[in-house]
Amino acid sequence: MAVNSSLAPVRRAGAASGRSSLFRQSVRRLLHNKLAMSGFVVVLFMFALCFVGPLFSPYTDNKINMAMMNKAPGLKHWLGTDALGRDILTRVMQAGRISLTVGLASMVLSVFIGALLGAVAGYYRGVADQIIMRVADLLLTIPGLPLLFIFGALLSEWKIPTDYRMYIVMLMLSIVNWPGMARMVRGQMLSLREREFMQAAVVLGLRDRRKLFNHLLPNIIPLLIVMATLNIGGAILSESVLSFFGLGVMPPTPTWGNMIDAANNMIDFQQRPWLWIPPGLSIFATVIAINIFGDGLRDVLDPKQKR
Amino acid sequence: MSTYLTKRLLYMIIILFGASLLIFCLYASTPGDFITGNIKLTAERKAELREIYGLNKPVLERYGLWMKNALHGDFGYSLAQQKPVLQLFNDYIWNSFLLAAVSTFLTWVIAVIIGVVSAYKQYSWFDTLVMVAIFAAMSLPSFFIGLFLIKILAVDLKWLPPGGIITTGSNATGWEYIKEVVRHMALPVIVMTLLGLGSLTRYFRSNMIDVLRQDYIRTARAKGLRERKVLFTHALRNALLPAITLVGFELPALFGGSLIIEKIFNWPGIGQLYMQSFGLRDYPLLMGFTMFIAILTVIGTLLSDLLYRIADPRVRLQ
Chain A
1067 MAVNSSLAPV
1077 RRAGAASGRS
1087 SLFRQSVRRL
1097 LHNKLAMSGF
1107 VVVLFMFALC
1117 FVGPLFSPYT
1127 DNKINMAMMN
1137 KAPGLKHWLG
1147 TDALGRDILT
1157 RVMQAGRISL
1167 TVGLASMVLS
1177 VFIGALLGAV
1187 AGYYRGVADQ
1197 IIMRVADLLL
1207 TIPGLPLLFI
1217 FGALLSEWKI
1227 PTDYRMYIVM
1237 LMLSIVNWPG
1247 MARMVRGQML
1257 SLREREFMQA
1267 AVVLGLRDRR
1277 KLFNHLLPNI
1287 IPLLIVMATL
1297 NIGGAILSES
1307 VLSFFGLGVM
1317 PPTPTWGNMI
1327 DAANNMIDFQ
1337 QRPWLWIPPG
1347 LSIFATVIAI
1357 NIFGDGLRDV
1367 LDPKQKR
Chain B
59 MSTYLTKRLL
69 YMIIILFGAS
79 LLIFCLYAST
89 PGDFITGNIK
99 LTAERKAELR
109 EIYGLNKPVL
119 ERYGLWMKNA
129 LHGDFGYSLA
139 QQKPVLQLFN
149 DYIWNSFLLA
159 AVSTFLTWVI
169 AVIIGVVSAY
179 KQYSWFDTLV
189 MVAIFAAMSL
199 PSFFIGLFLI
209 KILAVDLKWL
219 PPGGIITTGS
229 NATGWEYIKE
239 VVRHMALPVI
249 VMTLLGLGSL
259 TRYFRSNMID
269 VLRQDYIRTA
279 RAKGLRERKV
289 LFTHALRNAL
299 LPAITLVGFE
309 LPALFGGSLI
319 IEKIFNWPGI
329 GQLYMQSFGL
339 RDYPLLMGFT
349 MFIAILTVIG
359 TLLSDLLYRI
369 ADPRVRLQ
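Heads up: the protein sequence lines correspond to chains A and B, in order.
When the count follows my numbering, it moves up by one through the first sequence with no breaks and lands on 1373 for the last residue.
When the count follows my numbering, it moves up by one through the second sequence with no breaks and lands on 376 for the last residue.
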């Protein structure tokens, strides 16, 4: 029982500071998980690279430079240049900004929608449950990729300015992702609402709003954090697939997905791998780090869910 | 049991009707149609063709017609290929099935072996390595790993062909033909196996870990059974059984092809057919395909629930 012995000093420390120590316990256990922490460090590094990195690059203006077309990686351009003479490293970092933002934002949206609808369905049951879960079932029945493709084609038709497309892409990903989230939250709600502490809440005559937000939701927050973390990785992957097929975020706004689009050109694919391999590896590194960190979080916050 | 089945089947039908309506409306609102894209036609001819194909009628009327035919087993004609949609499915689906069946089989075999061994040696260096590999496999962007392997194995090293099902212009027959197809299959199968391996290995590993902690395993060891017998007869069976519930979820993937992989490897399967038709806006085919996957998904879910009951009779279906 290594867990118990490691918890004892933590408890004492928590008591000494006189504050609830559940949060600190979790943080401490997370800090001890080497794999999860290395994942966290890589995620932090990717964020720092993408958001701070471009500040140190002399090529951020993305000026077209015909003299420097399609140069292989070298001292001046560490990862080479593309057909317009733009620096690949800078573009990978700038693309990362968009890809990471899309991943984060669509996660926030789908967790918000999913948690809210799932909680309402699980708590009120009856008609609300029927309506919400039937819609979720419907969306889960239709394959996700074709659904995203249709949305993507609609975007092009509506002539949405390329600057705004990334916001719509976030929305699209959330529409596809919330049903799974709602189903999970609903299941938790159904079991939580029968527990003793909820009976006590009923006896106390608490209002629905208070029961939901003060007593039920705090209990599913660990689950939500874990789901949310793992969801970011999935969202980044989906965005890259969509952008790769030209249905997500479009150039000139760079994302990791639409940079790999260079591989659709035979010559670029065979002879200029520096155009498409760095963004691909960035996706891979980010998603694997997020997944490892998310799994560590699950161990700490939600041990029962461990699969 | 029979009331449960009736209820489930009824619900399945309602969901599928809902899905069909949603699918139809979505494709109906997708911009452009097969005729608009053809620049060779004059405006009058376009209007005439729209009249013939019934594209100028209101959406709901078109849906009614489509549904009526679909219920009679007729999913319409592909506009681009001028063949019945179902016949096209039959032409392409078996290529997809070949790819999916081989890679699913490989995935399951490898996942069971690795999962069981790493569970048995939990916390060893091998187990840690497996865990990291599992995360890596689960985080691979499918299209990127496909392109990456084509670049290395096909373009640079020239070990394997980069795509297609046979070499262009080849008219090999018999044994030669089979050899050629196998060579072309290798890369997509490797990628699909890699992509599926992560979550499945993880599933078997955690199942096995749970089982190894059970009392009956301790009893078996206490009886003095040989470790081999404990592992393979007592533990493995109980660790593998719950996996039959996953069979249902594999159904859409087995017959529905893979949009991304088939596109990247230019494999003439149903996923590739869909991707081509999406650009051409060949609606009967697109709707047929999406509906087909939806049906497979629903059937797969039902199958899983039923198998779940067989695997664990304590489960009550309601």
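Certain hints may be false.
Straight-line alpha carbon distances no greater than 20 Å define the calculated SDA-like cross-link-like pairs of lysine to any residue that follow [claimed, not checked]:
1) 1225(A) x 281(B)
2) 65(B) x 1335(A)
3) 115(B) x 145(B)
4) 281(B) x 270(B)
5) 216(B) x 1335(A)
Covered, in the sense of this in silico footprint (three residues per stretch, anywhere, with C-beta under 8 Å from a C-beta of chain A), are these stretches of chain B [to be verified]:
6) 123-133
7) 229-237
In short, the hints are calculated from the structure, not lab data.
Even glycine gets a Cβ: it sits at the ideal position worked out from N, Cα and C.
So, going through the hints one by one against the coordinates:
| no. | hint | verdict |
| --- | --- | --- |
| 1 | 1225(A) x 281(B) | 73 Å, violated |
| 2 | 65(B) x 1335(A) | 53 Å, violated |
| 3 | 115(B) x 145(B) | 26 Å, violated |
| 4 | 281(B) x 270(B) | 16 Å, holds |
| 5 | 216(B) x 1335(A) | 15 Å, holds |
| 6 | 123-133 | violated (count 0) |
| 7 | 229-237 | violated (count 0) |
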